[in-house]
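Numbering (our numbering), first residue to last: 92 to 372.
You may find that some hints are simply not true.
[Stated by the list, open to error] Each pair of labels, with its calculated beta carbon distance range:
| # | residue 1 | residue 2 | range |
| --- | --- | --- | --- |
| 1 | L351 | R114 | 35 to 41 Å |
| 2 | K154 | D264 | 37 to 43 Å |
| 3 | P219 | R260 | 15 to 21 Å |
| 4 | A109 | L141 | 24 to 30 Å |
| 5 | L222 | Q314 | 15 to 21 Å |
| 6 | A337 | P159 | 32 to 38 Å |
| 7 | S359 | D264 | 34 to 40 Å |
| 8 | S322 | G349 | 16 to 22 Å |
| 9 | Q266 | H224 | 26 to 32 Å |
| 10 | A203 | Q334 | 37 to 43 Å |
| 11 | Q266 | R326 | 47 to 53 Å |
| 12 | R220 | L338 | 42 to 48 Å |
[To be verified] Straight-line C-alpha distance at most 20 Å; calculated DMTMM-like pairs for lysine to aspartate or glutamate:
| # | residue 1 | residue 2 |
| --- | --- | --- |
| 13 | K134 | D152 |
| 14 | K276 | D234 |
| 15 | K134 | D234 |
| 16 | K93 | E315 |
The hints are simulated quantities; they were obtained by calculation from the structure and are not laboratory data.
The structure presented is a predicted model; accordingly, all values stated were derived computationally and were not measured.
The beta-carbon is built from N, C-alpha and C at its ideal position, and this holds for glycine as well.
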Amino acid sequence: MKSVAEESLGLTLLKIAARPVLRSAGIRCVKSIGYYFFFLQYKAALFPGLIPVTPVDHPLDAKIPFIPRWVSRYLDFIPFWIRLIGFLLRTYHRRGIGPACAVIDSMARLYAYAAQVYTQNLSTTNRPRYLTHPRFMLIHAADPHLMCIPSLHVMVVIRTYTVFRAIIRSLGDTQGFAPQLEEIKQGAVTITEALLYVKQHSVNCVAAALYTMTCFDRTLFPQEEAKDFVSHLFRHAQRPAPQDSALIRNYIMERYRGFLSEAEGASSWEEPLLKFLRSPS
């Protein structure tokens with residue numbers, strides 16, 4: 092059985108465009124990304140002061156080295172979930188159209204969900220102005236870097252592997268596609284590591300994204316799943332050093348649990364994140 096990574100991105104996009112129901116979902120998703128990520132962010136960049144912007148760096152970020160070669164893996168976060176659509180359509184044919192459409196729609200909803208924080212308080216980190224590689228030039232040109240908490244990159248990859256697992260379970264194929272599920276989950280971990288290596292996000296952003304995903308869909312991403320996901324971060328990495336990797340994992344889980352604890356008495360899911368942004372520690 093083919094791996095998900097072998098799916099053709101171009102062919103998948105053609106398949107989406109060829110099916111009216113998928114095409115409509117795709118258009119909704121593009122509109123959501125365009126408005127909630129690009130329009131709102133550029134509006135804030137062009138008219139500073141409209142929405143407060145909070146630096147969210149943490150001292151532990153300094154223990155993660157800046158490694159530019161990870162940029163390609165980081166930029167794969169969108170093709171990552173689109174290839175999953177291709178896998179579903181190739182494997183299940185017509186039976187895969189409904190699940191594929193649901194995946195696309197859920198991605199559109201993620202952007203709108205995260206924007207409930209962005210529209211009230213933006214956030215940024217100390218991102219190196221590294222312009223040697225053309226892909227970094229693209230990042231600096233396309234992303235004003237004002238939407239760090241919660242990290243949509245982390246949210247997207249978590250949604251990709253958790254919704255894939257739910258789909259194959261519902262179709263009774265968990266055992267048959269165990270290798271692909273492991274591939275997708277590890278891919279989500281690797282992309283999360285990559286965005287820390289290229290300094291696109293802080294460890295605070297990762298913790299906030301985990302919390303947001305639990306609020307977004309507690310059935311697919313309960314506390315136990317968050318703990319398991321974090322346990323894989325930098326597990327086999329030489330850098331950061333093992334002791335520093337342990338500190339990073341422990342902090343992410345501690346901050347994640349802190350958000351959940353504060354949410355118990357909050358009036359809305361975003362309240363703990365906004366409280367953090369207004370008085371970051």
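Comparing the hints with the structure gives:
1. Evaluation of the 35 to 41 Å hint for L351 and R114 yields a pass: the beta carbon distance comes to about 38 Å.
2. Checked against the given bound of 37 to 43 Å, the beta carbons of K154 and D264, roughly 40 Å apart, stay inside it.
3. Look at P219 against R260: about 41 Å separates their beta carbons, and that is not inside 15 to 21 Å.
4. Between A109 and L141 the Cβ separation comes to about 41 Å, which falls outside the hinted range of 24 to 30 Å.
5. Evaluation of the 15 to 21 Å hint for L222 and Q314 yields a failure: the beta carbon distance comes to about 40 Å.
6. Here the CB-CB span from A337 to P159 is close to 25 Å, at odds with the stated 32 to 38 Å.
7. Between S359 and D264 the CB atoms are about 37 Å apart, so this pair conforms to the stated range of 34 to 40 Å.
8. The hint said 16 to 22 Å for the Cβ distance between S322 and G349, and at roughly 18 Å that hint holds.
9. Between Q266 and H224 the beta carbon distance is about 41 Å. The supplied range of 26 to 32 Å is therefore violated.
10. Checked against the hint of 37 to 43 Å, the C-beta distance between A203 and Q334 comes to roughly 40 Å, which is consistent with it.
11. The hint said 47 to 53 Å for the Cβ distance between Q266 and R326, and at roughly 25 Å that hint is violated.
12. Distance hint check for R220 and L338: the Cβ-Cβ separation is about 27 Å, which falls outside the suggested range of 42 to 48 Å.
13. At roughly 28 Å between alpha-carbon atoms, K134 and D152 are farther apart than 20 Å, so this suggested pair is violated.
14. Between K276 and D234 the CA atoms are separated by roughly 26 Å; this puts the pair beyond 20 Å, and the hint is violated.
15. The suggested pairing of K134 with D234 holds, with an alpha-carbon distance near 12 Å, which does not exceed 20 Å.
16. For the proposed pair K93 and E315, the alpha carbon gap of about 30 Å is over 20 Å, so the pair is violated.
Comparing the model with each numbered hint stated earlier shows that hints 3, 4, 5, 6, 9, 11, 12, 13, 14 and 16 do not hold.
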